[in-house]
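Participant: So the protein sequences, as listed, match chains W and D. The first sequence begins at 24 in the numbering used here and counts up by one. The second sequence begins at 9 in the numbering used here and counts up by one.
By construction, these hints were calculated from the structure, which means they are not laboratory data. Be aware that one or more of the hints could be misleading.
[Stated by the list, open to error] Sample of chain D residues at the chain W side, in silico, Cβ under 7 Å: (1) 54; (2) 66; (3) 69; (4) 71; (5) 72; (6) 94; (7) 120; (8) 135; (9) 136; (10) 139; (11) 143; (12) 173; (13) 174; (14) 175.
[Unchecked claim] Pair by pair, the computed Cβ-Cβ distance ranges are: (15) D:10 x W:49: 52 to 58 Å; (16) W:30 x D:10: 54 to 60 Å; (17) W:74 x D:177: 32 to 38 Å; (18) D:82 x W:77: 45 to 51 Å; (19) W:269 x D:10: 55 to 61 Å.
Beta carbons are placed, not taken as given, at the ideal position from N, Cα and C, and that holds for glycine.
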Amino acid sequence: MTEYRRAVRPADRRLVGGVTAGLADHLGAPIFAVRVAFVVATWWNGAGVIAYLLLWRFMPLRQAELSPGLESATRRGLRTRGRVSPREVVQGLAVGAIGVGVLVFLQITGHGIGGAVLAPLLLALVGVAVIWRQLDDASLGRWMRQTTGLAFAARIGAGLVLVAVAFVYVVTQDRGWGAIVDLLTALGAALVGLGLILGPWLLKLVGDLDDERRERVRSQERADVAAHLHDSVLQTLALLQKNPGDAAQVATLARQQERELRSWLYGTDSTVGDRFAAALRTVAVEVETSHHVPIEAVVVGDVPMDPDVAALVRAAREAMVNAAKHSGADRVDVYAETDGRSVEVFVRDRGAGFDPAGIAEDRVGVKGSIVGRVERHGGTARIRSAPGEGTEVALTMPVRQGEPVPEERRTTS
Amino acid sequence: MTSLRVAIVDDHAMFRTGVRAEIADAVEVVAEAEDVDSAVTVVEDLAPDVVLLDVHMPGGGGLEVLRRVYPRHPDTKFLALSVSDAAEDVIGVIRAGARGYVTKNISGPELVDAITRVAAGDAVFSPRLAGFVLDAFAGTIEVAQVDEDLDRLTEREREVMRLIARGYAYKEVAKELFISIKTVETHVSSVLRKLQLSSRHELTRWASDRRLI
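Extracted from the complex, chain D is given alone in its bound form (with noise of 0.2 Å):
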């Protein structure tokens, strides 16, 4: 199997390079960047298979770049990678098109397995994206609604992102529900899909209290 082609970006060398030693082994690193312009530049020429994507840096930050290169490379995912956990940059970053979020302080092996699920068309959600995602879809407990509707996570939904919140894996979120691993994937994938589609009134409006659109 080849490895996969990984490209940071982010406007502090020294994370950088942090970043680069401990996930080299696994993956390959193609090139590093440093503000919108760079990134923009570096998805287009090298068209990674994954970005970790700082949300705040030179140039608008993490969203100008989603919002430059994502409508032309949907091959390439992306995943913010921040310090700042503001929820209205997380949401906005991820309403943008990243397929996950993580916090500065994961890991090294950690990070190595959200670059695996977010190549791999997963989304990565840490209990506390979950958190946010529950609260932005709030008062939406009702039963089960049709799948289609985007405006509400359906009760099988919001029953693992809860599970996510409470810090389980994805692996023990399956063995909770009486689930395989896989379905997990794809509940979560439709969670994520539908807070980038969704145009929910409370959805918007609460992103609009916290000025995310």
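The following block holds chain W by itself, in its conformation from the complex (with noise of 0.2 Å):
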């Protein structure tokens, strides 16, 4: 099932609605392209205005969705959020500028609006502008929501007022050739009242089942983190308490305890899924653990895996076992990069090093596990050691054709 992609307003990417960043990103144009577009589509008939007020509202407006580490940070305030950049600012005023030109050129020459409507018209738009920016969608919700309080009373006040200029519209007009349309527009006001008013019940009978999902939700989020707590960190520290001599096993256990903490909290090194990048992750937190040598993994772009990137991954493992055991070295230094083409793995350590022409013929780790393995798939590894000055193993491997390119590298340039 393909679900189709929507376009959303992003919540920390707004001038004023956030429609033409939702744009940008939807149809993957720059965003001053489309400013421009919803400036010159205004110059008919005011046709730009009227859609960026239709997308405002139909566009949801999304918040960042965060990893929880970084979720709580932003809520404490310990980062900085997201904010337009003042570039953009200026940007946007310049276009802005230029499209009011225009307009005031077209209203000049006669191809505008007609004057009388105009200045109802733009004061109506900067007033919807103004409110719907202050009440965007949650607020508004909340503030038709409101059962007490000063809302409540410029609620009621405000369907009040419009249910009797509804009233005094009819009342005061003679029954002449327009009777139809008045009495149309007197029980729209008188409607749009009585929404107003009534509007609260009827909204909270709809948002108490969404409350209601969202509340179990979170109940069953704060079930997971105490679940995660208990089965990490407390397992982690009873090891560490039963084994306080052996350094290097408490070393191991805290840093292990460390990366899984960071990954959940920051969602980073991630080393579940069926890519290259979370199958070398994996394969270095394995070796890690196994033999009390810490190993640092970067990885830039991701391709999926297959036959041939397995056997890479199989022979970067053997890579780091080779290293973790025999070189001595504090630390390994685990680099690997694809294209989407090809993808390479370096391996490095800065221990005792050998000399590789002397690797004598029955060593299957190095010939058969890491050599012999990447050439097989067609793939290339290389060695370079020499006593003393550590080992680095760069292994090569071609993408197989056919597979799509990596999201990362899908760019226009």
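Two chains, two separate frames, one set of hints: put the complex together.
Facilitator: This is the structure in structure tokens:
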């Protein structure tokens, strides 16, 4: 099942309503072009403004989804939230000013909207924009749902005024030819008024269901957090207390726990998923855990797993094991990079090193598990080492053609 | 040679004490601060040479500190120090003006080395930061471009970044590429400048996907 990609308004990048930012993301177009398009469309009977307002209402607002750690840091004000850059503000103002200039020109030359309609229309538009910006989705819902306080009184007041206006309108009109139109207008005003008065209870009915579902999800999440803390942190602390004398074991446990917690809090270094980056990280964690040597893995880009890539990961694992077991180095650096056409992995240590020419033919580790394995799948392996200078194993594997280009690289430049 | 004047900005007192003990022999710790406001005051009043800046702290985090004081105090250098490792926040702080990024589990001597480097106007790139940078500038492998072009890394800069990501120290990078350490430092600083100034579509896109701007 393919899910339809919906355009949303990013909550943290709004100049006015976030419509152009959302559209630019959705269409993959530069935001500047989208803004210009809206301004130009406005020159034809204000089509741009109308489209903007409609999209504002119908594109949902989306708060950025963050990992638990970042979300909590954001809530506690420990980090600066995204904001619109000054450059963008200036650019937006400039585009707007040019648009207004042309509009004025159209008005002067008599091609624009009638003067009597224009002034109230502009006023109404600015009013709507200001109010919507203040009360964007969530808070508008809250305002409508409130049944006490100042907001409640204001809403009831507005509703009553509208109903009264409708009533007065009908009563004071003579039954002329426009009786039907008048009646409909009056009815419309009365309905809006009633809506404002009765709206809260109607919305509440719908909202209650929503709230209930959200509350259920939230309590499940809390249970997950508790379970996570129990499974990982508590267990590790217990283990640490049991092995206080074994320094290597303690360091490995602490490191492992730190990585788990960090990946859970900040969503980095994911080790799940059927992709190369996740597989390589998993392998690095395994080797680190079993051999008590920190392995720092940095991965740039990603490709889907296939038999060749899997062989590369296994060969990289072997290289990490060798480095951890034989080099005596206190850490191993792993770097992997892919541009979608080939994958490269470097495993490096600053340990004892050896003379590559002197490897005996029967040393299965290096010859078979690393070089042979990679070459059988069409890749190359290069080992650089000298006694006392550490070792670096460089593995390269071409990615099979026909594979989709990874998302990060699907850019247009 | 007078020792460097350093300020430690972090909201965890225990961590500040630990860092102070580790670096106190090599540099002069002139102040500590625990949130954005006190950090701003420290920078404005004392003008330290180097500020060790936590990424997450009350008042808007390291990014907010940089936004408020960096433009007015170009002589104070900032080194980001964090446990979070979230790419969006790290790159955000670098783009706001920090000259490097190290994780909190860095050893004392390494930290002193990083402070010295930053104070001298160089950039400090850990393997992880180099990885982030390569990710951000992805798809720009083409042949060497004009140096003024902020939007892409030159082939040489990419090579340097890749070696750093592979765990090479600056000295080892220099040896590997047959260039001087000074040249390596120049390349790294140039990458830092591009990272801070570039408005490259991919970079801004990458950044906005991760909500850095």
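Participant: For each hint, tell me whether it holds in the structure or not.
Facilitator: Here's how the hints hold up against the structure:
1. 54: violated (23 Å)
2. 66: This hint holds: residue 66 of chain D lies near chain W, its Cβ roughly 6 Å from the closest one there, short of 7 Å.
3. 69: holds (4 Å)
4. 71: With Cβ-Cβ at 4 Å, under 7 Å, it holds.
5. 72: Holds, about 5 Å.
6. 94: Result: holds, 4 Å to nearest chain W Cβ.
7. 120: For residue 120 of chain D, the interface hint is violated, since the closest Cβ of chain W sits about 19 Å away, which is over 7 Å.
8. 135: Since chain W brings a Cβ to about 5 Å from residue 135 of chain D, closer than 7 Å, the hint holds.
9. 136: holds (6 Å)
10. 139: With a closest approach of 4 Å, the residue 139 of chain D hint holds.
11. 143: Hint on residue 143 of chain D: holds, closest Cβ of chain W at ~5 Å, below 7 Å.
12. 173: With Cβ-Cβ at 5 Å, under 7 Å, it holds.
13. 174: Where the cut-off is 7 Å and the nearest Cβ of chain W is about 4 Å from residue 174 of chain D, the hint holds.
14. 175: With a closest approach of 3 Å, the residue 175 of chain D hint holds.
15. D:10 x W:49: 52 to 58 Å: holds (56 Å)
16. W:30 x D:10: 54 to 60 Å: Once the Cβ atoms are compared, 58 Å apart, the range 54 to 60 Å for residue 10 of chain D and residue 30 of chain W holds.
17. W:74 x D:177: 32 to 38 Å: Distance hint for residue 74 of chain W, residue 177 of chain D is violated at roughly 56 Å.
18. D:82 x W:77: 45 to 51 Å: About 47 Å separates the Cβ atoms of residue 82 of chain D and residue 77 of chain W, which means 45 to 51 Å holds.
19. W:269 x D:10: 55 to 61 Å: At 44 Å between Cβs, range violated.
Violated hints for the displayed structure, listed by number in ascending order: 1, 7, 17, 19.
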